[in-house]
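Number of protein chains: 2
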Amino acid sequence: MTFRTLIVDLGERSYPIHIGDRVLDRADLLAPHLEGRRAVVVTNATLAPLYADRLERTLAAAGATAGRIVIPDGEAHKAWPTLDAVFGGLLGMRADRKSVIVALGGGVVGDLAGFAAASYQRGIDFVQVPTTLLAQVDSSVGGKTGINHPLGKNMIGAFHQPLAVLADTGTLASLPDREYRSGLAEVVKYGAIHDADFFAWLEDNLDALLAREEAALVHAIHRSCEVKAEIVALDERESGPRALLNFGHTFGHAIETVQGYGKWLHGEAVAAGMAMAARFSVRLGLLEPAEADRLEGFLLRAKLPAQPPRMEPGAWLDAMGRDKKNESGRITLILLDALGRARIEKAAPVGELEAFLATA
Amino acid sequence: MTFRTLIVDLGERSYPIHIGDRVLDRADLLAPHLEGRRAVVVTNATLAPLYADRLERTLAAAGATAGRIVIPDGEAHKAWPTLDAVFGGLLGMRADRKSVIVALGGGVVGDLAGFAAASYQRGIDFVQVPTTLLAQVDSSVGGKTGINHPLGKNMIGAFHQPLAVLADTGTLASLPDREYRSGLAEVVKYGAIHDADFFAWLEDNLDALLAREEAALVHAIHRSCEVKAEIVALDERESGPRALLNFGHTFGHAIETVQGYGKWLHGEAVAAGMAMAARFSVRLGLLEPAEADRLEGFLLRAKLPAQPPRMEPGAWLDAMGRDKKNESGRITLILLDALGRARIEKAAPVGELEAFLATA
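Residue numbers (this note's numbering), protein chains in the order written: chain G, 1 to 360; chain R, 1001 to 1360.
A few of these clues could be false.
In silico DSS-like cross-links for lysine-lysine, where the CA-CA straight-line distance does not exceed 30 Å [what the hints assert, rightly or not]:
#1 R:K1346 - G:K98
#2 G:K263 - G:K303
#3 G:K153 - G:K303
#4 G:K153 - G:K346
#5 R:K1153 - G:K153
#6 R:K1153 - R:K1303
#7 R:K1153 - R:K1346
#8 G:K153 - R:K1098
#9 R:K1263 - R:K1303
#10 R:K1098 - G:K346
#11 G:K153 - G:K263
#12 G:K98 - R:K1153
#13 R:K1263 - R:K1153
What the hints contain is simulated information worked out from the structure, not anything from laboratory work.
Using the sequences provided together with the hints, build the complete structure.
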């Protein structure tokens, strides 16, 4: 029962991420934050029977009184009606401003429960207990919370930092294979945009990761969070370098939007989006073709898609034009100069992009 | 066309409040914030025909491209369906993260449009153009935004500071008498909790204020915002002294909740709530009876209610127990030691309170 701790340094909003098997049983990690407070576990119907009782025992041992709100499972529920049900639950149990939300689940639960915390009574504290690889390496750092709107993904939300994150690698054992691999797409993203050595380490250790070996997982999650934290610390409100984290996401969000939420997993869409961004980087003469091939090779070994579905160029551009990172109608893309080095292109050449999309 | 400017000092979130007749025509006040940006006016169906064209001309002169979203008038619409319509409008016009919301209206518009700004794409800028006395002296300072939930008022929201506030006293001319007087309740609150001289000035100048005389209005609004800003600057996130601003509001919110939103105007409920808090202060031996009488006398001269409606003690306590400022089930009240000096009572004596409410 060893674990590693990473401190996300955001001044007075700094917080620890504890990574390892069974960290969700460690009352000592939560007591400093929760002792004497009411802790409301927000989780989904799939995870509640697996982990909620264990977590509530930990909360009790940490000196908190626990409550529980269970939401339906699935991206379709990352929406107002579910958020409204969470607010209703909090009000029904008289949660006050000193209450703490404990988000137990993947990205949907973390984003929705985090936004509930950001906006309930104009903001209460929350703790993240991410139970998917994607959530552990992505939602753990950055404070992004929110819900979808019928007209766009993640269009309503807030930046709200947790008190602490418990990334229990043991919870990944119950993750379906497809979801687990989808999380690996975000892991390899950190290598691709920021750390060539980490990318090479991932290539060398992919088999151990696919076997969900504890030591490899702890390293991969720790380094992913570290890279993300470095970038986020430079740019908490996402006006500059943080955009690098969207590598693969502009194309990926377009895939999710056009295909309909849920058909492609987020990580699968990002995987295809990263491969596209790499190929577009090659087309613009920024990236060596061999580097794009290496990225695609990794994705294929991880059984992740490197090709997008068939979509009309007009549908691509329409969906990409609605991305939050765009300013004044231009399309921002994250491109690669090399594996381990990305750049922000604030006004992607639209003609080139259309030609590229026509053959994508 | 003179005006006064007050800077609300919140470090990097500092912003100016410009107070005076026709400040909404002053493009020079907005250009530094809005030049080259898209400005989306959010207003209601009553105010749009009165001021929206004028404001949009000012925005255009300030170098912004203007859009408009009109919501229905009334507190009943300070709720999710209206907020959702604003999000839909923003997405429909492809508002991006550099877009700015310009909230033109009273408290409902300001709170709702401010929360739309706080949460659209996880936060965009906004400008307040409050058109009621209440909004000019209350919503202008403090950054509180939000909507109501069926189970409680202002239960969903965010702290989000505007870029600037234009408090145009000329817009008060069109305000119905009852709403105008309701705003005076918040004005006298600042005197009662923090500034005995201002309280006395208000007693001396009530006739000029009731006649909506420009000079008296500018002074009253300026000093009200100044008092609020002083208190908010000490305590932006409402963990300490900011609670003083809730003088009259715990009782007042209970009146609004039990009577149903909209039957009593907010300022009317606050007026009765202040009179109750003063009488309860007398009952606890904190305040001289003559001081409570002076406050009641002012309210009555301003034709504001000093008595609550008939309500069961159980209904009072139930509604007061749901107030956001409460911690761990205790009831927090703001009480007076004297006119101009308030205190925060974090655990009001419940037995005394029940006895008081039984005769209220």
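Cross-check of the supplied hints:
no., hint, in the structure
1, R:K1346 - G:K98, "holds (14 Å)"
2, G:K263 - G:K303, "holds (17 Å)"
3, G:K153 - G:K303, "holds (25 Å)"
4, G:K153 - G:K346, "holds (21 Å)"
5, R:K1153 - G:K153, "holds (28 Å)"
6, R:K1153 - R:K1303, "holds (25 Å)"
7, R:K1153 - R:K1346, "holds (21 Å)"
8, G:K153 - R:K1098, "holds (18 Å)"
9, R:K1263 - R:K1303, "holds (17 Å)"
10, R:K1098 - G:K346, "holds (14 Å)"
11, G:K153 - G:K263, "holds (14 Å)"
12, G:K98 - R:K1153, "holds (18 Å)"
13, R:K1263 - R:K1153, "holds (14 Å)"
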